[in-house]
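Protein chains: 2
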Amino acid sequence: MRKSAFAYGLLATAAFSAPVWANDDVAKLSADPNNWAQQSGDYAGTRYSALDQINTENVGQLKVAWTFSTGVLRGHEGGPLVIGDTMYLHSAFPNIVFALNLADEQKIIWKYTPKQDPSVIPVMCCDTVNRGVQYAEGKIFLHQADTALVALDAKTGKELWKVIDGDPKKGETGTGAPLVTKDKVIIGISGAEFGVRCHLTAYDINSGKKVWRAYSMGPDSDILVDPEKTLSLGKPVGKDSSLKTWNGDQWKIGGGSTWGYMAFDPELNLIYYGTGNPSTWNPAQRAGPDGKPIDQKWSMTMFARDVDTGVAKWAYQMTPFDEWDYDGINEPILAELDFDGTKRKTATHFDRNGFGYTWDRATGELLVAEKYDLATNWASGIDMDKSSKDYGRPIRVAKYSTFKDGKGADVNTKGICPAALGSKDQQPASYSKLTGLFYVPTNHVCMDYEPFKVSYTAGQPYVGATLSMFPGPDEPKRMGNFIAWDGTKGKIVWSKPEQFSVWSGALTTAGGVAFYGTLEGYFKAVDQKDGKELFKFKTPSGIIGNAMTYSHGGKQYVGIFSGVGGWAGIGLAAGLTNPTDGLGAVGGYAGLSEYTNLGGSLTVFALP
Amino acid sequence: MRKSAFAYGLLATAAFSAPVWANDDVAKLSADPNNWAQQSGDYAGTRYSALDQINTENVGQLKVAWTFSTGVLRGHEGGPLVIGDTMYLHSAFPNIVFALNLADEQKIIWKYTPKQDPSVIPVMCCDTVNRGVQYAEGKIFLHQADTALVALDAKTGKELWKVIDGDPKKGETGTGAPLVTKDKVIIGISGAEFGVRCHLTAYDINSGKKVWRAYSMGPDSDILVDPEKTLSLGKPVGKDSSLKTWNGDQWKIGGGSTWGYMAFDPELNLIYYGTGNPSTWNPAQRAGPDGKPIDQKWSMTMFARDVDTGVAKWAYQMTPFDEWDYDGINEPILAELDFDGTKRKTATHFDRNGFGYTWDRATGELLVAEKYDLATNWASGIDMDKSSKDYGRPIRVAKYSTFKDGKGADVNTKGICPAALGSKDQQPASYSKLTGLFYVPTNHVCMDYEPFKVSYTAGQPYVGATLSMFPGPDEPKRMGNFIAWDGTKGKIVWSKPEQFSVWSGALTTAGGVAFYGTLEGYFKAVDQKDGKELFKFKTPSGIIGNAMTYSHGGKQYVGIFSGVGGWAGIGLAAGLTNPTDGLGAVGGYAGLSEYTNLGGSLTVFALP
Ligand SMILES: O=C(O)c1cc(C(=O)O)c2c(n1)C(=O)C(=O)c1cc(C(=O)O)[nH]c1-2
Ligand SMILES: O=C(O)c1cc(C(=O)O)c2c(n1)C(=O)C(=O)c1cc(C(=O)O)[nH]c1-2
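For the record, the sequence lines run as chains A and B.
Going by full-length UniProt numbering, the first sequence opens with residue 1, and the numbers climb by one from there.
Going by full-length UniProt numbering, the second sequence opens with residue 1, and the numbers climb by one from there.
FYI, nobody ran anything at the bench for these hints, they're computed from the structure.
Hints are supplied without guarantee of correctness; some may be wrong.
Put simply, identical chains are the same to the list, so a pair is met inside one copy or across any two.
To be verified - DSS-like cross-link-like pairs, simulated, lysine-lysine; straight-line CA separation at most 25 Å:
{"#": "1", "residue 1": "532", "residue 2": "453"}
{"#": "2", "residue 1": "107", "residue 2": "477"}
{"#": "3", "residue 1": "404", "residue 2": "28"}
{"#": "4", "residue 1": "343", "residue 2": "532"}
{"#": "5", "residue 1": "491", "residue 2": "169"}
{"#": "6", "residue 1": "496", "residue 2": "107"}
{"#": "7", "residue 1": "107", "residue 2": "536"}
{"#": "8", "residue 1": "170", "residue 2": "386"}
{"#": "9", "residue 1": "532", "residue 2": "107"}
{"#": "10", "residue 1": "239", "residue 2": "399"}
{"#": "11", "residue 1": "63", "residue 2": "536"}
{"#": "12", "residue 1": "529", "residue 2": "107"}
{"#": "13", "residue 1": "529", "residue 2": "252"}
{"#": "14", "residue 1": "169", "residue 2": "28"}
{"#": "15", "residue 1": "229", "residue 2": "453"}
{"#": "16", "residue 1": "292", "residue 2": "244"}
{"#": "17", "residue 1": "229", "residue 2": "155"}
{"#": "18", "residue 1": "235", "residue 2": "162"}
{"#": "19", "residue 1": "414", "residue 2": "235"}
{"#": "20", "residue 1": "239", "residue 2": "532"}
{"#": "21", "residue 1": "235", "residue 2": "404"}
All of these numbers come straight from a predicted model, not from anything done at the bench.
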């Protein structure tokens, strides 16, 4: 591991001074399938469990083992961790954290209630969600809405240290789950709807000291790229790779938020994560000095960064010059996939823009880029011709441009697929080691998009577009599908329609089952082979949390948060009814109110 | 039925003009055990169901069939109604009402969200609870926190009419379930902690027109007693029975709230209900002109009233000159009990004061009055000697008086049992037709009580005592018991200890099972025979709702609200931590926070 830290040069000394390798603890705990030791189950982000007590034969008999209300309404994302006898779980704002004793009927061991100024709520674009806590070396790490990162004593819930990552008065908020690697806890930040220049930051797990920060845009020294060594599509990015792609100072309010789930490859010593949309949503305001589209790097980018230094190994921009809010933050999932008989270390990512990408994760070479929702119409494909000057770039369809050669403002472009919330949003997919397929909770939603001029004021919305959303074209009408995806071929293997978008994270297990929740509140189990529904149960509220599994006392459990909200559920969560409110999501998901109400709680299932 | 309306004289003409006998509809629906057509299951208030698919043999296999979050935190009392394919349920403030389609996966048919001024919240003494809606003739009746009584179209949820029963600015609030009899919907009012002179009021179910109102105290014309015909312990109450028992004008701020469950005997044409404590809780301020205790009639009274006229047939005061806040509002339960070989029409009532009473419900004759928590120490018994001048009155133990011959103010009287919240509070008991026994969720809590002088300001708390509460003397330490009670002998048949007070309403069924919930959140099934625990399940939040059962599509279901709160859970519900806050309940129930959090939801169980 040390070697690679070296190889990337810059700041490598930081690696030397690291006294402990936190990842050993986390990696060891994650390797034990009785635990669910990370939000994504493992560093690779597979959300796959080797447990197989619950399998396709018996999953139909699942019953609810116990339930737990967090006492907080609005959207509950992420899920609990289980380490041995203890379960750790969190709530939506105000981000209460609980430790429950699994060996004593889930008695509350401790409860941590942050004091947070509720004035952060109105600057959270997409509900007061939080994607979960992480654990390492006896500490629980929580990234609060108000951007504070706190380390708690996992035994007592006592605050060990607390650092402030950003400023909600400028629209900076925290919703993402930290990632703990080695001796660092790494967090992103939200605020691309407020013109925040977003970043990823590593803190020392023992002291909370800031180790490095990588902005999504700006000078090379801010974005931690090495002009010569950081690659994009096989070539060095060169000097000022970001600055050159922005008009004047616009990068200073450039967005590129970093609130998705991350992954880590301990051997390559690289962390993987995506960056979000450039601010504003009105592309005309972001045109280059020549009035033409300009890339706005490194918004909408998958990054691989050295964990010790933060320096980027490679970067790939999914949606240069975004015109649709196709945030690139969706999680990367690390696997070993077979390409023409060769196993390659890959990262696979289902982007908001409707394309499923697979890269060689060591080099960033683009291996696959195919639509995982065939309704996707803003681009006909990704240019895979290595000799093309547009290699790796989307092939746009002019009709669905909201820029329209600079004349897009105040024009309502209709029928764009996917909608701004993408063919998939925050809901993480799962990679099954059993089938070698990805199981992806998806949206099937399209939109009308009308940009308008907006001016920047710190802490005020800097959006600049009016949206309305509606179900995609597939019949019978629906807003989501749960799909199985072949990451090598870039093909949908099967697709199971869902009335609403599947806003819940998937879980796959060695029992052959894939689990997920629906916005109406159903927890579902399907066969990994063919998507056949084997079990469903109506939980108290709509589900936007992630399915997880653990084993305790020899018994396998499957758990999931309910608590409707998130962007899709913002109408219910924030009590909005005007169809274009909630950045356009309210109208599209209005039907949800016939099915469910708010309420954060955990439902845990087991066999009888 | 008409006859008895006649017999009671006063206002009898009202009965003649009644066009429909709503009770026929309700009675018919309640007689079908597939429904749960009233909050108490039937007019008698038995909370007994003839369903027996779930029985003592198989109840251990119960599994959660479905769940439903109301989207509202804080205490959820009462429970759903089921009429055919539709379930009606309500939430704590703001008292949202839902109709769910049981034939279509509990889809929400309609949702009624009252607009209520949240300024009512601080004048609700004991959490923002509501004890449930009632149904009759295609209408749903809701008594809102702000005292509005609304009639909704059961098919559409549209408001048909709305009347205002009281004024929250004076501390008047609504928490009780209405009772619908014939063409009237009858509601009580809360506010005895605010010096409200409380009352019971009948409204016409079709128009909302007020038909009669019976105050708990005041002139005979206000309290609807007939000095000659209204009986108490077999004797006419005489002229000014209430006025004579108050010092001067104090009756005008006299309390006597009416928020408990009521019962109705269609043959006798009588409704039964209890009145609450006299205001203030400082007895010294309520002494008679001679400085001696004075009864403060008709606070703390079980009333039988003619439903057409409101005129009282009989009244029995459980706790004359209250010194402990032993509100007499607990539900009456109507049964036919065997006394020396004779079946008598009885009303049984477990009073806050620790005594279980059985009356002949036609005459008010006192048949039984025995302690149902033997820890009760403020009185050694009830004088049952018909020749005694104290016949029917409690025999007080001087040591536990908080009046202390007028010197009780600012003296802390210790170790009084039960505590102010009684050996039982709002949680209704059940009468099993199978065993002929009562199943009673009880408190086992004692208190220290220190009265202090308080002056009356409309809408301000008018309490005048500082309390602390703690577990009763029984070992091992506990705060509650679930008991079986012989209503004829006045004896505990068995008693099952519970760590916290059992604040949830009981249900008994022909399957031999008794169901109830616990404040930690367990839903439990026990054998009616011996109290043996047959099943338990941890619901999302602590339970203060009432168990109910219904059958749909040939399958029996059992349902219960969770959502911790009420007086016992006020610390959690209102976020209080000072032990003497929440009228003394916060300290006693502080341990609850180790078990559960807020969150209103319904959990419905069935066999696999
Ligand atoms: O740009 C941002 O800073 C930002 C932040 C967040 C967030 O932190 O939840 C979301 C988004 N954008 C976003 O575009 C989006 O679709 C979204 C969905 C959700 C959600 O939790 O359902 N959050 C966010
Ligand atoms: O005097 C009143 O007006 C009044 C009202 C209420 C209520 O409406 O909930 C309670 C009480 N008193 C009361 O004494 C009491 O113990 C109580 C418990 C509860 C509850 O819901 O847990 N409410 C009330």
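Structure-based check of each hint:
Proximity of residue 532 to residue 453 under the C-alpha cut-off of 25 Å is found in neither arrangement, the shortest distances being 47 Å within a copy and 70 Å between copies. Taking the shortest Cα distances, residue 107 and residue 477 sit within 25 Å of each other only across copies (19 Å), while inside one copy they are farther apart (44 Å). For a Cα distance limit of 25 Å, the shortest separation of residue 404 from residue 28 qualifies neither inside one copy, at 52 Å, nor across copies, at 68 Å. Taking the shortest Cα distances, residue 343 and residue 532 never come within 25 Å of each other, neither inside one copy (29 Å) nor across copies (60 Å).
Neither within a single protomer nor between protomers do residue 491 and residue 169 lie at most 25 Å apart by alpha-carbon distance, with minima of 44 Å and 65 Å respectively. Taking the closest pair of Cα atoms, residue 496 and residue 107 come within 25 Å of each other only across two copies (21 Å); inside a single copy the shortest separation is 38 Å, beyond that limit. Only between protomers do residue 107 and residue 536 lie at most 25 Å apart by alpha-carbon distance; the minimum there is 15 Å, versus 27 Å within a single protomer. In this homomeric assembly, residue 170 and residue 386 never come within 25 Å of each other (Cα to Cα): the closest approach is 42 Å inside a single copy and 79 Å across copies.
For a Cα distance limit of 25 Å, the shortest separation of residue 532 from residue 107 across copies, 23 Å, qualifies, whereas the shortest one inside one copy, 36 Å, does not. Within a single copy, residue 239 and residue 399 get their C-alpha atoms no closer than 34 Å, and across copies no closer than 89 Å, so neither meets the 25 Å cut-off. For the identical chains of this complex, residue 63 and residue 536 are neighbours both inside a copy (10 Å) and across copies (13 Å), given an alpha-carbon limit of 25 Å. For the homomeric pair residue 529 and residue 107, neither the shortest alpha-carbon distance inside one copy (38 Å) nor that between copies (30 Å) is at most 25 Å.
Within a single copy, residue 529 and residue 252 get their C-alpha atoms no closer than 48 Å, and across copies no closer than 75 Å, so neither meets the 25 Å cut-off. When the C-alpha separation of residue 169 and residue 28 is checked against a cutoff of 25 Å, the pair qualifies neither within a copy, at 40 Å, nor between copies, at 61 Å. In this assembly of identical chains, the alpha carbons of residue 229 and residue 453 never lie at most 25 Å apart, being 38 Å within a copy and 81 Å across copies at closest. For the homomeric pair residue 292 and residue 244, the shortest alpha-carbon distance inside one copy (13 Å) is at most 25 Å, but the shortest distance between copies (92 Å) is not.
For a Cα distance limit of 25 Å, the shortest separation of residue 229 from residue 155 qualifies neither inside one copy, at 43 Å, nor across copies, at 69 Å. Neither within a single protomer nor between protomers do residue 235 and residue 162 lie at most 25 Å apart by alpha-carbon distance, with minima of 40 Å and 73 Å respectively. In this assembly of identical chains, the alpha carbons of residue 414 and residue 235 never lie at most 25 Å apart, being 37 Å within a copy and 83 Å across copies at closest. Taking CA atoms no more than 25 Å apart as the test, residue 239 paired with residue 532 passes in neither setting, with 52 Å inside one copy and 77 Å between copies.
Taking the shortest alpha-carbon separations for residue 235 and residue 404, neither the intra-copy value of 30 Å nor the inter-copy value of 92 Å comes in at or below 25 Å.
Hint violations for this structure: numbers 1, 3, 4, 5, 8, 10, 12, 13, 14, 15, 17, 18, 19, 20, 21, all remaining hints satisfied.
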